[in-house]
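Protein chains in written order, with full-length UniProt numbering: chain H, 1 to 472; chain S, 1 to 472; chain G, 1 to 472; chain Y, 1 to 472.
If you're looking for bench data, these hints aren't it; they were derived computationally from the structure.
Among the hints, erroneous ones may be present.
Pairs involving identical chains hold if they fit within one copy or between any two copies, as the list cannot separate such chains.
As the list claims (entries may be wrong) - When the alpha-carbon atoms are kept at most 27 Å apart in a straight line, the in silico BS3-like pairs for lysine-lysine are as follows:
#1 Lys320 - Lys195
#2 Lys195 - Lys341
#3 Lys320 - Lys164
#4 Lys341 - Lys318
#5 Lys19 - Lys341
#6 Lys160 - Lys122
#7 Lys380 - Lys195
#8 Lys442 - Lys246
#9 Lys195 - Lys318
The primary structure of each chain is shown beneath.
Number of protein chains: 4
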Amino acid sequence: MEHIHEECGVFGIFSQTRKDVASLSYYALYSLQHRGQESAGIVVNDDGILNVYKDKGLVSEVFIQDHLHSLPQGRIAIGHVRYGTTGLDAKKNAQPICINHMKGNLALAHNGNLVNSYELRKELESTGSIFYTTSDTESIVYTIVKERLTSKSIEEAVYKAVQKLEGAFSLVISSPSKLIAVRDPHGFRPLCMGKRDDGDIVFASETCALDAVGAHFVRDILPGEIVTVSSSGIHTNKSLCETCKKSLCAFEYIYFARSDSIIDGHSVHLARQKCGEFLAKSDTVKADLVIGVPDSGLDAALGYANASGIPYANGFVKNKYIGRTFISPTNSQRTKELNIKLNPIRSVINGKRIILVDDSIVRGSTCRRIIRSLREAGAKEIHMRISSPPFIGACYYGTDIDDPEKLIANQHTIKEIADIIEVDSLNYLTVEQLKQIVPNGKELCTACFDLKYPTRIANHQSKSKFENKIKF
Amino acid sequence: MEHIHEECGVFGIFSQTRKDVASLSYYALYSLQHRGQESAGIVVNDDGILNVYKDKGLVSEVFIQDHLHSLPQGRIAIGHVRYGTTGLDAKKNAQPICINHMKGNLALAHNGNLVNSYELRKELESTGSIFYTTSDTESIVYTIVKERLTSKSIEEAVYKAVQKLEGAFSLVISSPSKLIAVRDPHGFRPLCMGKRDDGDIVFASETCALDAVGAHFVRDILPGEIVTVSSSGIHTNKSLCETCKKSLCAFEYIYFARSDSIIDGHSVHLARQKCGEFLAKSDTVKADLVIGVPDSGLDAALGYANASGIPYANGFVKNKYIGRTFISPTNSQRTKELNIKLNPIRSVINGKRIILVDDSIVRGSTCRRIIRSLREAGAKEIHMRISSPPFIGACYYGTDIDDPEKLIANQHTIKEIADIIEVDSLNYLTVEQLKQIVPNGKELCTACFDLKYPTRIANHQSKSKFENKIKF
Amino acid sequence: MEHIHEECGVFGIFSQTRKDVASLSYYALYSLQHRGQESAGIVVNDDGILNVYKDKGLVSEVFIQDHLHSLPQGRIAIGHVRYGTTGLDAKKNAQPICINHMKGNLALAHNGNLVNSYELRKELESTGSIFYTTSDTESIVYTIVKERLTSKSIEEAVYKAVQKLEGAFSLVISSPSKLIAVRDPHGFRPLCMGKRDDGDIVFASETCALDAVGAHFVRDILPGEIVTVSSSGIHTNKSLCETCKKSLCAFEYIYFARSDSIIDGHSVHLARQKCGEFLAKSDTVKADLVIGVPDSGLDAALGYANASGIPYANGFVKNKYIGRTFISPTNSQRTKELNIKLNPIRSVINGKRIILVDDSIVRGSTCRRIIRSLREAGAKEIHMRISSPPFIGACYYGTDIDDPEKLIANQHTIKEIADIIEVDSLNYLTVEQLKQIVPNGKELCTACFDLKYPTRIANHQSKSKFENKIKF
Amino acid sequence: MEHIHEECGVFGIFSQTRKDVASLSYYALYSLQHRGQESAGIVVNDDGILNVYKDKGLVSEVFIQDHLHSLPQGRIAIGHVRYGTTGLDAKKNAQPICINHMKGNLALAHNGNLVNSYELRKELESTGSIFYTTSDTESIVYTIVKERLTSKSIEEAVYKAVQKLEGAFSLVISSPSKLIAVRDPHGFRPLCMGKRDDGDIVFASETCALDAVGAHFVRDILPGEIVTVSSSGIHTNKSLCETCKKSLCAFEYIYFARSDSIIDGHSVHLARQKCGEFLAKSDTVKADLVIGVPDSGLDAALGYANASGIPYANGFVKNKYIGRTFISPTNSQRTKELNIKLNPIRSVINGKRIILVDDSIVRGSTCRRIIRSLREAGAKEIHMRISSPPFIGACYYGTDIDDPEKLIANQHTIKEIADIIEVDSLNYLTVEQLKQIVPNGKELCTACFDLKYPTRIANHQSKSKFENKIKF
């Protein structure tokens, strides 16, 4: 799949004793790395004093030994990984955000995107708030801190603040003595709770992070729920649950989440296999092999193979050593970046009719290059099957996508797309099928496929105006 | 699979015109990276002047933009990747080796290991040669250069020198105006020739490097063959072919080579599937799923599934962001490195009887950890199947393995191993089956499985003495 | 001299045309590097959009080619260097500070220290401001931005804000279209204006930065003055001038400033020579040579030599290659860090009676080590002369010094100090002499020598409380 | 002074006990850094096993903590710093050179340049030696090792080898159990011996390195002497002493050596002052101030001032933070690199008649820029005085200089040079005066001033041919 970026992954830990919570956060962030490769950060709260290290880059690049060990022990830590853009912004926008306040320091990590950040910010600025960035996360922090001035506790402040926020937000927050996890009432982004054998409570975007820190899954945070962990135990505030239609992002199952994660009770891997099964069931094409595009199409391809009876095959070798510093070939070198990164196995492909499965098509250009490489490897027929519906609309809830006009399915019919990407046939999953890949599929947000946005869209035009005016 | 290291990968290119041969070598080395991660190097021969850049690290680490672009254009280049050890040696031992001589400069890259390097070296030293390292490659270079003093051409010198070398050596050599490829008469290590549309001739350890530089496969270099490319064309000397029993390393098919490569006419991927099929055919165990250990067991697992009719499944998620700088968890952190790197998918595993396929067992410890993680994920039964015979003996031909006494199969029966790694049953491929995975399977070297070494073993005791005496 | 740290150096440039103002800022910061080695930063204002790059480290470390060139062209830039502490704070506290606001973005760089920052901050927080750091500079920015909401222009906002600030502050500020320079009414820290031949207006902490960017000196900014540069020219607001006693920090002449700078009309170099002359005139000791401690004592030593008639000599070689990464010798190595860094020239020292001149003594330990090294080099007598009065009190105006109780002169008489540092005699400059080293010497702040602080000291206890509570 | 490069600095240590000899070498190399900034290396001989770390860069860059600590303890270590060129060569040519041989490993560090390296190499190659580089040091190593085959001891081999070498060579050599120091019979380059209180014997290019490791000076190694240190004590072979005319490089006193060093019994600092005194004594010009060009002209300027009675002044501030990564200003920035690096102090210069002293003029361009900057700072007259004779000839003994035709004094009369560099008058030291700056001045090599080369010049043409043919 090409270039859809999840916004972020978040993690938090509360321990009964002072310990190396930074390292545990580090392992958790490693397992959430797929949710964001732009920047990484960890804050250790050591008895009310916040110690942060964050920078642009992968977890492994940001937290070299010296940096990780520069963080002290503590009882609370939160961590964050952020999606991949480039340039100076990465450093400025790295999370968690930490602020220093007479009512107590605060650190916060956010996954998602607000739809009312412009209004929030306008109001905050008019009453004296001063912003360093254009990020909506800064608005969340300011809203909470403002409420704190008139609240009895940080959890009360969070509760009041959350009611002012619209859109997608899974948050982990550290006050001087508490760890708080919040999931927006729509539940756009996942958030779960786990427990380690030594009693540490952890929160994470996905269950794979629980596995990484040796925690067992306790439960998902409910849409609208606020969970507070302190020395006096775990308290939950569910007042805001059920106030909105549940709307977990369907792309979490299709692409974003790691396939070993369980989200809102359902296995990501099985959901992906289910997508492949649905594609197979509504298909009549004859073929010799089913092949997935590594790595995003493999699970659905296996589901397709199982349901269709057509043999599953490994069709490509993906070069696992390609890194950030790869220097792309020039045209004059007559060698293709794609073949260096993803090479078809000719002995598998040659002379075969291929079912090629991927999770989505964004612009179509990468897809076409892959298909051409299969033709060069001798594929007789190529039938492309996409394990999601045609991707036509923008996302306002934390998925960073191109201008909708650049989405191939926004501009072309399926028949036209098949011609453009040069396949013999092309099928997509339907929205109806998508809503059946997990038992609670009716509660998925499918707005980017059917334009049925579960919230008002207030500031999206304004947003771009903002972004253009400052570049930190 | 645990820690078997291939020695190296080699590449060479001869162009009709002066061009950016360094970049093409860079892409080729990227695709050969699996053959060695310790160091990488490229020599560009620019009209007789050798320009080298080499250092320890991955291709992507050694050749950052400035370093790659510091190499000039030229008509000949050779490149090398070397296997993964640690420490100061990596830098010292990086190849290609370049020497400066009045008869002309010489650069050489070597994959394999000599069995008579101690004798060679003793003789060379007694006649005045001075060595910088203990590497057998330096002995090869010196032998060639000495022969050059009394030869009419570099190819004559290479021909004479090769007759003094015993053991495994696939070489690419650049003289001021020629590119020479040599494969030892046993053909222990692979070496192939390709051609780009613009007429450039390339040599590489594996065909996947041809794909990476947009070259089509011409043919394998024969065991014992010396191919010389110069402005006057391609000349071959086959005088030494058929002087020895062909002995391509069986582990090239089982593990080392990339599955999209074709070696000596046969697809690595299909050979691996064949291993799985053999395992299935001689098996009677009942199971729900066939799972491969990523990435080395996946092809054989698929072969097993196809032949047995038991469904193939993706049983693990491998974290693709774990890098060199990963900081391992301490025991006190109660979190497991393995689960961070390779996490079982509980929804797939839970309650199932599993056929688990991997390519080999070395010491058994990694294997046991993986099996335990499957048990924790709910596996009801685990039947391990290994797509190679029990690994019991040392290799003297370029595979860097532990002391044979540390090989689990050298010390234990299959039954004992099954108990140690805690599986319900364990089967290996037989040597007889191994010799049938490719049509010319009789010609494979299987010495590490059956101790039938195709050469005398002259200096292996001496060798270790050497290694201990100097550490550059 | 040992470890007195100046807080910062600032620079600003306003050009009539869009150009590479980042590079000019870079050269200016190079020449101001002696004022702060902890962090460096440059903001380019490109038509209202602020582009910042800042990090911990020296100018040369922060602004490697890629980073400097990542900044766009623009018409306004400001830059900052910050004094040298260690650790995580350096990154967090790097200046300039940039904020994003609906009334326009703002960047600000500050040299100095407020004495009412605690009150300011308390008031700002109680009305909703949220702070990221404990730095007083953040309070300055917030005060200006708050005033901006009710002001017609940024310069009006600055004028109102300045009236709320107490203490030391030389500021350069970039609004979307204006460059503003401010110097506090006491004029604690220097600030001057220059002009380049192409009409660019620049502000800098010292005139050496004007030389570095090819600008000629126009004039010093007056204590209390606010100078605004915009497309409509240069406007000045002197309403706040003469509202306070002028109090330029005496240490600027004694130590901080570069000796080629002219501050408030007087040459730093000549002021230092004058210190040496005063020391000589009130001295009767007989000696063979006058030697300065490199580099801070050299100018005064020359002044002493000229006034006394005792020959001036180069007594030490300072190793100019010692850098940040120097690994200090351990005791067991029996080698001395001092001799590696600063080695006496035995052929000069041996058998001589030495006048040794330095600018100050802080704790006395470095001083004693230097004196011992002279003894080992054969000095017969050592008479130490200090070109400032005994250093006894804290500074609240931007000089980062130890706890006064650790100052040797705060705890000991001159006689005792002479014994501790093991000299044959010791003399200091008197405060009266200090007030004569420049014509306007009466206007110098000499509070750290005579405890006559020119402002109330409001928050210094509170300050330390603050610093301890958070560590970003 | 502009761009004359010394070839190298060497160091060796022999300890009675196994200890951290690497760190002591590191401190010694720090103090020899002025002799070479291109590369640095240390070899620790740990009971016959050689452990080397070397790379391009300054000592502080090459030996970051991890690299220094990667070296084990041992009883012998040798170290080397090499002069500053750029590019790929730096890494390849870094010393010490280490070789592995059945007669025992060998490490060698060399300061100087052979004049018969071409003949040596030709002979060595014809008898089978194979060279990796074009460096003459490799020829020295090979000659010694060849002699070793037929010698009873390494010191005998060194003695025989030295007789085959012509030109300049100060060597430190580590055999498995001995440390050997050699100085060529002309004594072109300095080499001295010291002893630490714990009995460690050290050899170094200059005495400043003895100070750095806490050793006291024992004596200079005599021209032609071979000193061997082993467990059985210190043995010297003086057979080759007095076989050649002593010819210590005059530039060691004028420029290369550090002024706190004592070379062949005479203080470098005093020799430089003496140069200034001679200049003053033969001068009649009237002036107000004597100023040295930092740092190379300062000592002679002080000597001039003392002898003439004209006051000495500090005329420049040299920016001590300019490092390797400095990005030079472009012409369009209208700012001058020189003023950023070396700024005149206007308050000193303005209106004055200046005697400006430097150690030499190479091409004249830097000199002219400095003089122009003094004019801009208001100098009324500038009288340049050079503390060496006109520099007209090549050096074949280890000083890396431009083609003689690019030397301004090789092409122009003194009068013409004065016009070119725009001074009011110009005087040089005479060769006769130079020969009186130290008592044994008659024994100085002054060939680059008077073309009286103390050896035949055999291979200098050949040399350049060589250099051009290979570039590693």
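Verification of the hints:
1. Lys320 - Lys195: Only across copies: Lys320 and Lys195 sit 25 Å apart there, 33 Å inside one copy, limit 27 Å.
2. Lys195 - Lys341: Between. Shortest inter-copy distance 20 Å satisfies the 27 Å Cα cut-off; intra-copy 39 Å does not.
3. Lys320 - Lys164: neither (45 Å within a copy, 39 Å between copies)
4. Lys341 - Lys318: both (6 Å within a copy, 18 Å between copies)
5. Lys19 - Lys341: Classified as between; 23 Å across copies, 42 Å inside a copy.
6. Lys160 - Lys122: Classified as both; 18 Å inside a copy, 24 Å across copies.
7. Lys380 - Lys195: between (52 Å within a copy, 25 Å between copies)
8. Lys442 - Lys246: within (9 Å within a copy, 63 Å between copies)
9. Lys195 - Lys318: The answer is between: 23 Å across copies meets 27 Å, while 36 Å in one copy does not.
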